[in-house]
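These are the residues of each chain, in order.
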Amino acid sequence: MKKIEAFIRHEAFDEIRTRLAGMGLPSMSISEVKGSGRQGGYTESYRGARATIFMRPKLKLEMVVDDADVERAVDVILELAHTGEPGDGKIFIIPVDDTVRVRTGERGDVVLAPHPEDEPEG
Amino acid sequence: MKKIEAFIRHEAFDEIRTRLAGMGLPSMSISEVKGSGRQGGYTESYRGARATIFMRPKLKLEMVVDDADVERAVDVILELAHTGEPGDGKIFIIPVDDTVRVRTGERGDVVLAPHPEDEPEG
Amino acid sequence: MKKIEAFIRHEAFDEIRTRLAGMGLPSMSISEVKGSGRQGGYTESYRGARATIFMRPKLKLEMVVDDADVERAVDVILELAHTGEPGDGKIFIIPVDDTVRVRTGERGDVVLAPHPEDEPEG
Amino acid sequence: MRLRSLRTAWVVAGMLLLGVPGLAAAAGDGPSPTDIAVNSVWVVLGAVLVLFMQAGFAMLEIGLSRMKNAGAVAGKIIINLSIAVLMFWATGFALAFGDGDGFLGQMGWFMNATDAAGDTNSLGLNSFMNAIGAYNIPVEAVFFFQVVFVAVSLAIVFGTMLDRTKFIGYVIFGVVFTGLIYPIVAHWTWGGGWLFQDGFLDFAGSSIVHLQGALAALMGTIILGPRIGKFRNGKAQPIPGHSIPLAMLGVIILWVGWMGFNAGSTLGAVGLNFADIAVNTNLAAAAGVIGATVASLVIFRTLDVSQMGNGAIAGLVAVTAPCAFVDPWAAVVIGLVAGLLVPPLVVLVDRMRIDDPIGCLPVHGISGIWGTLAVGLFATESRIGALPAEAGLFYGGSGHQLWVQFYGILATIGFTGACSLVVFLAIKYTIGLRVSEDEEAAGLDISEHGMYGYPEQFIEVPGAFPESTRHSAGLSSLTRPTTTPG
Amino acid sequence: MRLRSLRTAWVVAGMLLLGVPGLAAAAGDGPSPTDIAVNSVWVVLGAVLVLFMQAGFAMLEIGLSRMKNAGAVAGKIIINLSIAVLMFWATGFALAFGDGDGFLGQMGWFMNATDAAGDTNSLGLNSFMNAIGAYNIPVEAVFFFQVVFVAVSLAIVFGTMLDRTKFIGYVIFGVVFTGLIYPIVAHWTWGGGWLFQDGFLDFAGSSIVHLQGALAALMGTIILGPRIGKFRNGKAQPIPGHSIPLAMLGVIILWVGWMGFNAGSTLGAVGLNFADIAVNTNLAAAAGVIGATVASLVIFRTLDVSQMGNGAIAGLVAVTAPCAFVDPWAAVVIGLVAGLLVPPLVVLVDRMRIDDPIGCLPVHGISGIWGTLAVGLFATESRIGALPAEAGLFYGGSGHQLWVQFYGILATIGFTGACSLVVFLAIKYTIGLRVSEDEEAAGLDISEHGMYGYPEQFIEVPGAFPESTRHSAGLSSLTRPTTTPG
Amino acid sequence: MRLRSLRTAWVVAGMLLLGVPGLAAAAGDGPSPTDIAVNSVWVVLGAVLVLFMQAGFAMLEIGLSRMKNAGAVAGKIIINLSIAVLMFWATGFALAFGDGDGFLGQMGWFMNATDAAGDTNSLGLNSFMNAIGAYNIPVEAVFFFQVVFVAVSLAIVFGTMLDRTKFIGYVIFGVVFTGLIYPIVAHWTWGGGWLFQDGFLDFAGSSIVHLQGALAALMGTIILGPRIGKFRNGKAQPIPGHSIPLAMLGVIILWVGWMGFNAGSTLGAVGLNFADIAVNTNLAAAAGVIGATVASLVIFRTLDVSQMGNGAIAGLVAVTAPCAFVDPWAAVVIGLVAGLLVPPLVVLVDRMRIDDPIGCLPVHGISGIWGTLAVGLFATESRIGALPAEAGLFYGGSGHQLWVQFYGILATIGFTGACSLVVFLAIKYTIGLRVSEDEEAAGLDISEHGMYGYPEQFIEVPGAFPESTRHSAGLSSLTRPTTTPG
Ligand SMILES: Nc1ncnc2c1ncn2[C@@H]1O[C@H](COP(=O)(O)OP(=O)(O)O)[C@@H](O)[C@H]1O
Ligand SMILES: Nc1ncnc2c1ncn2[C@@H]1O[C@H](COP(=O)(O)OP(=O)(O)O)[C@@H](O)[C@H]1O
Ligand SMILES: Nc1ncnc2c1ncn2[C@@H]1O[C@H](COP(=O)(O)OP(=O)(O)O)[C@@H](O)[C@H]1O
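Read top to bottom, the protein sequences are chains V, C, L, B, F and H. Using numbering that gives the first Met the number 0, the first residue of the first sequence is number 0, and each one after it goes up by one. Using numbering that gives the first Met the number 0, the first residue of the second sequence is number 0, and each one after it goes up by one. Using numbering that gives the first Met the number 0, the first residue of the third sequence is number 0, and each one after it goes up by one. Using numbering that gives the first Met the number 0, the first residue of the fourth sequence is number 0, and each one after it goes up by one. Using numbering that gives the first Met the number 0, the first residue of the fifth sequence is number 0, and each one after it goes up by one. Using numbering that gives the first Met the number 0, the first residue of the sixth sequence is number 0, and each one after it goes up by one.
These are computed hints drawn from the structure, not numbers from a lab. The model shown is predicted, which means the values in this text are computed figures rather than measured ones. Treat each hint with caution, since some may be false.
Claimed, not checked - Mimicking DSSO-like on lysine-lysine, the simulated pairs with C-alpha atoms at most 30 Å apart in a straight line are:
no., chain 1, residue 1, chain 2, residue 2
1, B, K234, C, K59
2, H, K234, H, K427
3, C, K59, V, K59
4, H, K234, L, K59
5, V, K59, L, K59
Next comes chain V alone, as it looks inside the complex (with noise of 0.2 Å):
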């Protein structure tokens, strides 16, 4: 079990989520982080007073998937979160020891295999 932890720009995030989902990969959860590295800051400037702001909107996408789907859910990213230009991202693969489901108490490698994507309600 790793996870990957990908910092990416918001834009990219609609298309990863519906490839990754038709792969049977659709657990996931995102948030919102501020971040820097090679990309540059910019100045905003208030009534007069300037400041550079270095830290800039990302999404983390977080997902915990089997040693298996690893590789092609960081292929997936990749993909379709290039730009070439700085501020593309960054993807970390960390190691985990252990999933549990909430719903049903089970636990390990079970919890993470590939499953469809139920239909939207209402």
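Given the coordinates of chain V, assemble chains C, L, B, F and H with the ligands onto it according to the supplied hints.
Here is chains C, L, B, F and H with the ligands on its own, set in the frame of chain V:
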């Protein structure tokens, strides 16, 4: 040392926190995330245009605990976050190499020793 | 490769970022979290009803660095986030298996090599 | 029956407010076009101020509701305003102001200005309402002024019912309340009905508008029950509104609108000292804020901003009945007491396990009662003038006026309370009044309206977070070429 | 040419609205200072209400735009209001209301109240505008009332253009529109021009103010193209506005302001029944909300709050032309139809791949057309009075009036559409009308104004998140010593 | 001493504004009830507009403060409005407008309309204020109009003091300012005091209301010191306000309210051309926006929205003194200069290490001075009329008027500056004026009021984030049964 990362429903958090604090484990952090998994999306509509929202708000609970405390913490979360419906979330256990307390500079297991919660101020 | 996750006060961040960037480590991400620990809660009151808030706003700083840089980064955070009061926060060090730069597809340590910060635009 | 003489007395009393001989000329040959114009300008603009109070209620209720329900509150306000306008036009105005008996009016449906008797009011219109004939303004000006009042009363109703009521429940209750319940009670006093004849005084509606609204609100919240999570282990939990700034904007707008609400209730300008009423109203509002602030400080040891705002409204509600009948210092006392009562009453309501998110019951209910009674305490002989009423207890009255005010309140409580209860119960047991627990948890915005009121706070909106390969501050379009900078 | 007699007819017609003999006295020796004062109070306060509509447009447009563009919308509103005031003073007022020919006015630049002929209006001022001489108010009151109208029209223009237009584009178009395009069309009817003489009726501007604005808006959005992400694979995507509460505040403010817009358009008070107009306006707005709510329910199976608000505005726009010429029930029908049309039209606009974030085209465009035509259907003989027009088709008219209304609309569409297209194209091919993709993605706030409208939502603001070694609730400053508590 | 004749002159001057003979009839036998009514309607509604400006200041100050302090600003506004109303009633009105000497009024406490001399004003009331006797409106109308002015002045005071001042500090200063300081300065001119007799002209209060407020604000911020983080290494840091949309709403509301502020200051309608004043006021506001926009562009190379809004207010403040005395083109120049000055002055204030979050000093202070001086430059003979003043330097004046304006400003600066300094210092060294660093970091909302103004942005509110086992869009309550859907 292990880090527990639990993606749970917001409603469950209050009781979990209280129980964990009662067990000497009040140290934790939470943040807003949006997630998808077994739980399906839902449709929203605005001015006649419709779209399906797959990412639903969840709470991410992170706490680093001593190896000895992992199971009891997981049990608490499992018990209180459980409703039996899709969307209950998942718990991940991730290895941690080291821990530092900023206030004192202490390092290692001592930092994670269970302790009672302080009285609220004010 | 290690991931440093530091839960710190907001006030401390600016200086930490500047110092780390000066050391060639400008790559990092931050996010809003709420945390509890040694620092007690506080009471808020609304229309005569009172409740204790245990979770206080904190800043989560995450940066993946080369093994060689872990200690100097931790030292910077430790120094600048320290006030000596409860609530200063904690730093966790987590193993990382791999790192990918989305822009170039590069993998491994090369991605994490220290680099100077670019000039701000605009 | 003919009420004209009574209503004329009412207007004459108004003139006496000023303490001058008044419109001698007008007595002879009817009001001049100029006088009608002046009166109309005042009343219509007063009505516009009262209409603006809808924005006040919207902001107050939105501000004090949850973020996930903010859009639903907005939708509720606009539909209820619309229902009030249409229903009061269709039936309410006739029931309230049409000629009829002491209990209800019986003609003038759809503001139709012709009655069987072919009566003519002073403006040359065939008139269904002798009550209004005595006002020197067109019937449409009266209608406009009155219709915005009923909309205020309806807005008050739903203040306790935020965050858990079905949209359709608002709609149905609104139709019945504005088309039937409110007009009947309004008729008793303002339509020249039995309470008016008994000498009951409620200048601008402490009981007619505010207490009525609060009574319906009380029934509504009792039948709905509290919001999920409001009471835990028998203890009230804070469920803070999501935006104190918007709530305070609402309070200030209400304060401003109240200038039309009270001072405009002279229903005319010539020979009337409406400025006096405006001053009393301001003094009471200010004193209400001071009262609530001090009480919050003493009782809660905190300066609760939402209750400071409540204090202003409590003072305004309380002075609404007596504003034309009392001296300025009395207005200050009336407002101060109303404000002081707010914080303890908020706690009391909580203790009774009644969930009232915006403080509607203390602010419109108890203050409405207090204000109506205050007439019986502070009204002065000279300000009552020719009205069939008596000075207040503190001004040499026998206490009779207090007794009239008291049973007027009781009648309102009995009638409006009972009617509201029946209607809400009927809704509950047919289509249902409250949303499901899931929908409440999800928020009314998404579950009833398909979209959050603040979408970017809850869902991933495409492009919500500004990211781009590069962006830079300032002035792109003025100093840079239109091509994307490299 | 001299238009005074025509304008006098207009005012006389206004008097007939009331159904009473009117200002007999005034006929002889001119209006008294008192009458002038009453008229001025009404018109100036009506203008203030219309000025307040700028807050309504600001809130509506801000609420329905993206969070990252909210500050830019705010900046746009204030600069456009300023441009309108200055340009209409410099040239617009003269073109619209100065003496001239049937197509445009030709004197009175900078509100300069002296003309070659040395004419004097009824207020003792040398007058450049005989058209206004017939109103019993100072020329400055007329100017104030008219200048806030042009500002409304300009605000409408930019409703479709949110989230992607360059600031400088707004400025340039605003100068031309308020200084040239709008005044000319206004002259045709309100300045006593050819459409007025043909009997075209547009009491307060369904076509002159709203349709004109919507036409320019249509041209603007066509030339701009849709926002990034609005259409995907040919399907319209929801791009929800970021704050329904602010948008609804905007709607209520507009509703309130419309009382001045329509009822104030009598341009006088003495002898005029403006309350009647206010009532019609309210009824139409209410019916518009009901219409849009029902249609939203039927078509989308959801209660779209933004469209409920649109329904109110659609009803208001539609009743703007006919408000003084129709009976209340007709106002209800006119508003209801306007409201019912909103949801299907919003879908239609989407289908045509036109991006209209706030529903400007259905609400101001189609409703403006519908309202202008409705005059030809519902106008009554007695309300038209001495105006050179005919009753509506449903009131025994021959249909001629409908025909006049129709070609009046066509003329407006042709002229304003063509002029707007030319101006927008000129801007596009010189300095550019649309920001770059990067800037759009980043948001106009940061790329054009250097700072977000809601900075704490986007950037790390020092100290934005309240953290401190310790903090505790309540009352520190009142009960604690000034030293930091240990 | 008796000031009646002076005040009569003032009113006569007002009449001359119109350029017509005026109220010939009134001279003989006193104003008619109709005239009193018209005047009262105008003045009372003008006062309502000025009262509404409190919403403007609330939104402006809330919008430009930090999110964590937004509730505290709301609380401050409402308490200060209340203090102003009560204190001005108790003492301020008497000091400002009661009969007395050239320095202060000495009777009329609690608006008590009886004086020793048993004088009677023209409305049949025993009068304490001969100054007001000359106005043809009830004393209550004058009070209402004046009390909302003092509330404006007080709101200005605290614009510089956001984000760090103790609640109790606001309260104490408010009591002294509205009950003592402001009334004395107001007496000098508007109460017929020594400055009035010297011919000092300040029509609606550029110096009396705005400069006074700004002076107190300057003292306040100097004694408080800057917010934590405002200056780093001697350089001003941007601390952006959290909501430009609310700030802009505030600006538009202020603009709207200013119509009452300036045009209402005629204190009557009959025989007065207040529309002219409204037009001048609009022109100056618009020009102010243009000025600030251009200067922001040139100096900062960015279109700072908050400064565009400041430009509007700067223009309005500047035209407040001269609005009745100058021609439209002069109003444009006055506004433009005021707007152009804003951006450089904001920088200058920063350079002086003075922390002024909303631009109070440039906008109310310098603009107030500029506007007061502008009277000495642009006032025209005919508009000054019978007032004891002289035409401006550019209209053939000797420069004497400029000199009078100049020392009037100096006197105001000296008196109000000194008094404010003393009061703020007294507060500082007794109970303390500034919250602790911890409280400032935590935010005033939580530390002084026990709860955030936007709770869901900061704390975990139960149920704030809409989650539930399932939820679905739309219409639940209308199409689904009341049981939870499976
Ligand atoms: N070492 C790191 N640790 C944590 N986050 C990082 C790290 N490097 C990059 N990021 C995240 O990725 C985002 C983009 O990184 P950046 O270095 O600008 O991309 P690139 O390498 O393509 O130029 C940053 O804004 C930050 O959020
Ligand atoms: N593999 C995963 N990686 C990251 N987050 C996950 C993963 N699986 C689930 N989650 C988080 O848990 C939430 C609930 O998961 P879900 O699969 O719907 O629950 P269940 O398995 O009980 O049906 C998701 O919304 C997401 O935030
Ligand atoms: N074990 C933990 N797991 C996750 N977050 C933690 C843990 N301990 C502390 N934190 C984070 O650090 C913050 C400060 O910790 P606290 O214990 O109050 O500091 P200190 O140890 O200096 O008293 C907390 O609010 C929380 O966000």
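Hint check:
For the suggested pair B/K234 and C/K59, the alpha carbons sit about 28 Å apart, so the restraint of at most 30 Å is met. Pair hint H/K234 plus H/K427 holds up; C-alpha atoms about 26 Å apart against a cutoff of 30 Å. Restraint check for C/K59 and V/K59: the C-alpha separation of about 13 Å stays at or below 30 Å, so the hint holds. The hinted pair formed by H/K234 and L/K59 meets the criterion: a straight-line CA distance of about 28 Å does not exceed 30 Å.
This hinted pair checks out: V/K59 and L/K59 have alpha carbons roughly 13 Å apart, not beyond 30 Å.
Hint violations for this structure: none, all hints satisfied.
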